[in-house]
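One letter stands for each residue in the lines below.
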Amino acid sequence: GNSVTQMEGPVTLSEEAFLTINCTYTATGYPSLFWYVQYPGEGLQLLLKATKADDKGSNKGFEATYRKETTSFHLEKGSVQVSDSAVYFCALSDQVAGKSTFGDGTTLTVKP
Amino acid sequence: KAGVTQTPRYLIKTRGQQVTLSCSPISGHRSVSWYQQTPGQGLQFLFEYFSETQRNKGNFPGRFSGRQFSNSRSEMNVSTLELGDSALYLCASSNAGGAKNIQYFGAGTRLSVL
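Chain order of the listed sequences is A and B. Under the numbering used here, think of the first position of the first sequence as 1, with each following residue one higher. Under the numbering used here, think of the first position of the second sequence as 1001, with each following residue one higher.
With the rest of the complex left out, here is chain B:
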């Protein structure tokens, strides 16, 4: 079974630009969550999608948005990039996203904002 696939692996953007990151979950998984990982803040929850609906959202500004498609693939978009958005963005998928469900992570997309 293929794991969680994130593309691209690396991105370099400049301030003010926007970026779209993609995540393909494990086959059969319907929940996709996004996290931001930085040295200063650690791993922070961005949002979670289940069956094309955003169920939960972390404390990030509206510049961070996402969506999920009918095949459970998810995209995350960041508009008007700031230097502080430089981070490793991790996607995780799980069966149903409940409290007892294990999350499986992709390798991440490393975003550098210049």
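Chain A extracted, bound-state conformation:
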């Protein structure tokens, strides 16, 4: 079946540091790929998406490129802020309708 592997956390950075969270996937077909963010006590918010190979998703300074050849979708941000502290989930849309497969999540803490 499909699977998503995220880099193990937690990740702690200083404000304005560069962020990379690695994500690789295994899937049949051509899934869409997503990054979601979860703040404490809240549900998941869609951060960005890419629907086909070489697409780049971007939002709020975050970026990720759909790399079919390396089956990866790494999340990057050039300069993190304290407000970016949250749990980040990489996910793919399954061939099973209405189902997404998620990575384990990476907790990011940004210190002032």
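Hints listed in this document are in silico derivations from the structure and should not be mistaken for laboratory results. No false leads were mixed into what you were given.
Here are some, though not all, of the chain A residues that point toward chain B, as calculated from beta-carbon distances under 7 Å:
#, residue
1, E42
2, G43
3, L44
4, V96
5, A97
6, G98
7, K99
8, S100
9, F102
10, D104
Glycine included, C-beta positions come from ideal geometry on N, C-alpha and C.
Fit chain B to the given chain A structure using the hints.
Chain B only, in chain A's frame:
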């Protein structure tokens, strides 16, 4: 446009009881999916409903069931609660539930089983 609304936000139950959780999708969305989130297992797919029909189901026991109404609102029921059912239950809605459709999540219902 209102987002996905889940009620209640918090629930405390005891073992053996049953519980019903509610989810109102984004207006116009016909697909509703349910997930269980726990620290140990992460996010696991429970089931998905589309136009009042369950289309897909994850690997959960029959104690977990759901339904969808004609207005696309969905309920999830867990009977004979066990301690291990303590989790954040998330509902997600999408336009048609296909592979290219984005899922939008509610804030979740946190269930504690004592």
